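**Q** Let the sequences and hints guide you as you build the complete structure.
Going left to right, the sequence shown walks through residues 1 to 360 as the UniProt record's numbering numbers them.
With a Cα cut of at most 20 Å, we get these calculated SDA-like pairs of lysine to any residue:
1. 157 <-> 180
2. 43 <-> 94
3. 42 <-> 20
4. 157 <-> 147
5. 42 <-> 119
6. 119 <-> 41
7. 43 <-> 122
8. 159 <-> 174
9. 159 <-> 148
10. 42 <-> 88
11. 42 <-> 23
12. 119 <-> 99
13. 157 <-> 142
14. 159 <-> 201
15. 43 <-> 24
16. 42 <-> 92
17. 43 <-> 121
18. 119 <-> 103
19. 42 <-> 55
20. 157 <-> 208
21. 42 <-> 125
22. 159 <-> 181
Note that these hints are calculated values from the structure, not bench results.
Quick caveat: nothing in here was measured; it's all calculated off a predicted structure.
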Amino acid sequence: MSDPSPLPSTWDACDSWATRLENAVSSVPPLTGASNYHPWAKKLQIVLSGVRGCLCLLDEPPDASATPSSTSPPAAILNHLDATLALVLVGLLSPALVSQFESVILDHPSRAARTLWLKLEAAYGTRWSFHLWQSVQALSSQPQGSTPVTEFMTSRKQKFEALKAAGYDFDRWFLDNLVADLAPHFGPTVRGLDFATLTFDSLYAAVRGVDDSHRLHAAPPSSSMTLAAFGTPVNPRVPSSAISASTSSIQRHSFHSSPLPRTPSVPPHTSRPGTPPLPPSPVTLVVNEVTIHRSTKHRSRIYLLYHYTHPEKKHSTTSRWDSFPAFLIPAIRGFWASTPAPPLLYYKERALALLPPTEA
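**A** In structure tokens form, the structure reads like this:
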């Protein structure tokens, strides 16, 4: 990266230079992360090459022992131009990334633009960071649906192993999202698990076979089974078509007209007021003193929320946030921001307060 054009050498020229710079970068889309870093960086270098001396500020600084060029601006003007370019770069970041990198301008007053450029490249421009972003995207919420649980968990485990092969530890996040994506009929099984010691193998062993049992019990009953359930004997002399018609009538009247079975004390021709079905009772999950509704959308959030706001109960010697790279912190902030506040506002505020400093 080079730019033979000299930088402005007077304060009056600095103002017009800054105006041209801001106009040039107005067409550059914001950087959102590893997903669009490479096209963003390429577009930015193209527009910066059209502004006098901009690329010089992003190059390797000259050797301190070298004789300064006669066209080099004074140190005060050079630092001002460098800070101006750094502020423009921060303005090209998405709001979720600004808090991580804006402190670079104060921490590196003489080479802020180049330092920020290198930090962005290290965080989002390497092959490893892009592959990690792809792996995280692959592990995003994908409900089980009608997929058998063994097939669903095996497929998710393969994606997770690819993530760990990159040298990143995502065990807790992976398990919480995996549990949240299981089908609803695993609720009783999941509520009996110890989340403090939960592993993939223990979860797999707990839910293994539950799917087959659920499918067996959820299968529609045959005509003979339905008639037997209502105490109606099957007469071999009655045509099967009559049995089917009778069965359909029984199912229509018994399963849709009223949630209560008929009793001999109420004549069939007597109209009875419709009895509305009772609302399902909320299923709750108790996780380390925090009781919440079993919502597949929020349960894993609350568990992680408590997990990181109570470090004394974490079975690990590492820091609470050491396992999260810098470019995932904005996603974590958004994760907690969408978590319902009452009655967990206290835990939510603590989690947000415990996020790492803004410096990348």
